[in-house]
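Undergrad: In the order they appear, the protein sequences are chains A and B.
The first sequence stops at residue 344 when you use the numbering used here, and every number in between is there.
The second sequence stops at residue 122 when you use the numbering used here, and every number in between is there.
By construction, these hints were calculated from the structure, which means they are not laboratory data.
Check each hint, because a few of them may be wrong.
Here's a subset of chain A near chain B, in silico, CB distances under 7 Å, partners left out [what the hints assert, rightly or not]:
no., residue
1, 56
2, 157
3, 175
4, 177
5, 178
6, 179
7, 180
8, 183
9, 185
10, 187
Once the Cα atoms are required to be at most 20 Å apart in a straight line, the calculated EDC-like pairs of lysine to aspartate or glutamate come out as [as the list claims (entries may be wrong)]:
no., chain 1, residue 1, chain 2, residue 2
11, B, 33, B, 78
12, A, 60, B, 121
13, A, 142, B, 39
14, A, 120, B, 39
15, A, 119, B, 39
16, B, 110, A, 67
17, B, 14, B, 121
18, A, 123, B, 39
19, A, 208, B, 120
20, B, 51, B, 81
21, B, 110, A, 64
22, A, 60, B, 120
23, B, 110, A, 68
24, A, 123, B, 49
25, A, 208, B, 121
26, B, 82, B, 68
27, B, 47, A, 188
28, A, 268, A, 205
29, B, 14, A, 180
30, A, 329, A, 87
31, A, 208, B, 119
32, A, 313, A, 201
33, A, 59, B, 121
34, B, 110, A, 180
35, B, 51, A, 188
36, A, 59, B, 120
37, B, 14, A, 53
38, B, 82, B, 39
39, A, 245, A, 54
40, B, 14, A, 183
Small disclaimer: the values here were computed from a predicted structure and weren't measured.
Where a beta carbon is used, it is the ideal one built from N, C-alpha and C, also for glycine.
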Amino acid sequence: MTAAFSPTCQHLLTGRLKPQLQFLPPRAPASMRRLTFALASATTRGVEADAKDDGVVLKKGIAEFYDESSGVWEDIWGDHMHHGFYDPGSTVSVSDHRAAQIRMIEEALRFSGISEDPKKRPKSVVDVGCGIGGSSRYLARKFGAKCQGITLSPVQAQRANSLAAAQGLADKQVSFQVADALDQPFPDGQFDLVWSMESGEHMPDKTKFVNELARVAAPGGTIIIVTWCHRDLAPSEESLQPWEKELLNKICNSYYLPAWCSTADYVKLLQSLSLQDIKAADWSQNVAPFWPAVIRSALTWKGLTSMLRSGLKTIKGALAMPLMIEGYKKDLIKFAIITCRKPE
Amino acid sequence: MRLLTHNMLSSNIKGVANGFPLRIEVEKVVEKKVDLNADFLRNIFPKIEWKAFAEAARTLGYAELPEDADSSFLDSDDFLDKFHHALLELHLEEGALICPETGRRFPVNKGIPNMLLHEDEV
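Looking at chain A on its own, in the form it has when it is part of the complex:
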């Protein structure tokens, strides 16, 4: 039951990150430039550790990254920490992005074939990698369902709960806890809808991740995974090209991502678990306006000052954004959706 994942990300801490100085506008404040040099030297410190420590380091890194940067994101972009869904080739204005993020949720639900029939709607939902709970609250309202969200970040869980209370979900339908998607604290077969919106890319063990999604899904339940993948390998290929691995490595460093896999790898995993109605699609064309928009928002006065206030991890993340655009342009990075159903 093991798919062969191309080991694109070398050890997380030994990745090389060249300072992305060309990204900064020429008159970037000297403090920003000093900061970028500090970052570059910090990440090239090589630290050898074995695989077990990797997991601990990664989880801690993810938690700290989101503890630090969630506030900034929410400030500028709101409570949905995922891509918007756009018509290919459209020009989008600032105000359209939130609508696009909501459209992403709706398009994902539609793709999965989940029923709009009130009698067949999901009654219980798990949001795996819930961020500050944007999807959870949306799904809870839409379906009148009970929703549990899990995140590695205590700050996010706190914020998610506060927002639920403030938005008059009367605290009854949504709750958030700090937990690991690779070891979900739920008994088997709990949830009619298992939702993973842009969290799969953080999972170091894709097999375990998918296994847990399937385990907690109720018989007849729907699993929806929306995630960043690399392109499928050609039948003759053993792995990605060296330049592709290098590009992904740099991105991994900034976003606390383990090795990437392809959409085909996910499909194979779902097949191996005898899940049904497996469907996959490449939505890269539909998210193209997103990263340029995020970069633009980061370069505003508010964006820059917020990032400087929140810390190095956030800044590092921001500096990696052009790399994401490069990855998409070169057909290396894919924005993928994979859905399926657990047999009755």
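Let chain A serve as the given structure and place chain B on it in line with the hints.
TA: Chain B in isolation, oriented as in the chain A frame:
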């Protein structure tokens, strides 16, 4: 953390046969009033593990729930009030959830349970 959440959580430590229900260690309980929604209560009732729920409520200091309940009880307003109160209005703000087999503590801080396992528990 409300008892609604507690009723859905279990310990997934390696080797544990049955990690549900988690025992509760109470340090601070807070009551937060919330509007009663009878439809919600009726819908959620079949999903509640009642014995674990009643036991948990007692641990939080609320002993008004019957030991056993079946769906006919949902016709009683008095029962709905008690059910509602225990399920949604009692919050464990500080304390811990304890694995019933290993005794491992999962801390609850500011109402949020931390269910992360250590490397050797996985």
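Undergrad: So, for every hint listed, does it hold in this structure?
TA: Results of checking the hints against the structure:
A least Cβ separation of about 6 Å between residue 56 of chain A and chain B falls short of the 7 Å threshold, and the interface hint therefore holds. Checking residue 157 of chain A against chain B: minimum C-beta separation of about 5 Å stays under 7 Å; hint holds. Hint status for residue 175 of chain A relative to chain B: holds, with the closest Cβ pair at about 4 Å, below 7 Å. At about 5 Å, the closest approach between the beta carbon of residue 177 of chain A and any beta carbon in chain B falls short of 7 Å, and the interface hint on this residue holds.
Against a cut-off of 7 Å between C-beta atoms, the interface hint on residue 178 of chain A holds, since the closest Cβ of chain B lies about 4 Å away. Satisfaction of the interface hint for residue 179 of chain A is found here, the shortest Cβ-Cβ separation to chain B being roughly 4 Å, below the 7 Å cut-off. About 5 Å separates the beta-carbon of residue 180 of chain A from the nearest beta-carbon of chain B, less than 7 Å, and the hint is met. Because the beta carbon of residue 183 of chain A sits about 5 Å from the nearest beta carbon in chain B, less than 7 Å, this interface hint is met.
For the restraint placing residue 185 of chain A at the interface with chain B, the shortest Cβ-Cβ distance is roughly 4 Å, inside the 7 Å limit, so the hint holds. This hint holds: residue 187 of chain A has a C-beta 5 Å from the nearest C-beta of chain B, less than the 7 Å allowed. Restraint check for residue 33 of chain B and residue 78 of chain B: the C-alpha separation of about 17 Å stays at or below 20 Å, so the hint holds. Of the pairs offered as hints, the one joining residue 60 of chain A and residue 121 of chain B holds, with about 17 Å between alpha carbons and a cut-off of 20 Å not exceeded.
Straight-line distance between C-alpha atoms of residue 142 of chain A and residue 39 of chain B comes to about 16 Å, which keeps the hinted pair within the 20 Å bound. Proposed proximity of residue 120 of chain A and residue 39 of chain B is supported: the alpha carbons are some 17 Å apart, at most 20 Å. Using a Cα cut-off of 20 Å, the hinted pair residue 119 of chain A and residue 39 of chain B holds, with the two alpha carbons roughly 14 Å apart. Taking the CA atoms of residue 110 of chain B and residue 67 of chain A, the gap is about 16 Å. The hint holds against a cut of 20 Å.
With a CA separation close to 5 Å, the supplied pair residue 14 of chain B and residue 121 of chain B stays within the 20 Å bound. Proximity of residue 123 of chain A to residue 39 of chain B is assessed by CA-CA distance (about 13 Å); at most 20 Å being required, the pair is judged to hold. The straight-line distance between the Cα atoms of residue 208 of chain A and residue 120 of chain B is roughly 16 Å, inside the 20 Å bound, and the hint therefore holds. At roughly 18 Å between alpha-carbon atoms, residue 51 of chain B and residue 81 of chain B fall within 20 Å of each other, so this suggested pair holds.
In summary, the hint linking residue 110 of chain B to residue 64 of chain A is supported, as the alpha carbons are separated by about 18 Å, within the 20 Å threshold. For the suggested pair residue 60 of chain A and residue 120 of chain B, the alpha carbons sit about 16 Å apart, so the restraint of at most 20 Å is met. Pair hint residue 110 of chain B plus residue 68 of chain A holds up; C-alpha atoms about 18 Å apart against a cutoff of 20 Å. With a C-alpha separation of about 16 Å, the suggested pairing of residue 123 of chain A with residue 49 of chain B holds against the 20 Å cut-off.
With a C-alpha separation of about 15 Å, the suggested pairing of residue 208 of chain A with residue 121 of chain B holds against the 20 Å cut-off. As the CA atoms of residue 82 of chain B and residue 68 of chain B are separated by approximately 13 Å, the hinted pair is consistent with the 20 Å bound. Restraint check for residue 47 of chain B and residue 188 of chain A: satisfied, since their Cα atoms lie roughly 13 Å apart, inside the 20 Å limit. The suggested pairing of residue 268 of chain A with residue 205 of chain A holds, with an alpha-carbon distance near 14 Å, which does not exceed 20 Å.
Proximity of residue 14 of chain B to residue 180 of chain A is assessed by CA-CA distance (about 14 Å); at most 20 Å being required, the pair is judged to hold. The hinted pair formed by residue 329 of chain A and residue 87 of chain A meets the criterion: a straight-line CA distance of about 17 Å does not exceed 20 Å. Distance check on the hinted pair: residue 208 of chain A and residue 119 of chain B sit about 14 Å apart at the alpha-carbon level, within 20 Å; holds. Proposed proximity of residue 313 of chain A and residue 201 of chain A is supported: the alpha carbons are some 18 Å apart, at most 20 Å.
For the suggested pair residue 59 of chain A and residue 121 of chain B, the alpha carbons sit about 15 Å apart, so the restraint of at most 20 Å is met. Of the pairs offered as hints, the one joining residue 110 of chain B and residue 180 of chain A holds, with about 19 Å between alpha carbons and a cut-off of 20 Å not exceeded. Using a Cα cut-off of 20 Å, the hinted pair residue 51 of chain B and residue 188 of chain A holds, with the two alpha carbons roughly 19 Å apart. The straight-line distance between the Cα atoms of residue 59 of chain A and residue 120 of chain B is roughly 15 Å, inside the 20 Å bound, and the hint therefore holds.
Distance check on the hinted pair: residue 14 of chain B and residue 53 of chain A sit about 18 Å apart at the alpha-carbon level, within 20 Å; holds. A C-alpha spacing of about 15 Å is found between residue 82 of chain B and residue 39 of chain B, which places the hinted pair at or below 20 Å, so the restraint holds. Restraint check for residue 245 of chain A and residue 54 of chain A: the C-alpha separation of about 19 Å stays at or below 20 Å, so the hint holds. Our distance criterion of 20 Å between C-alpha atoms is met by residue 14 of chain B and residue 183 of chain A, whose separation comes to about 10 Å.
When held up to the earlier numbered hints, the structure conflicts with none and fits them all.
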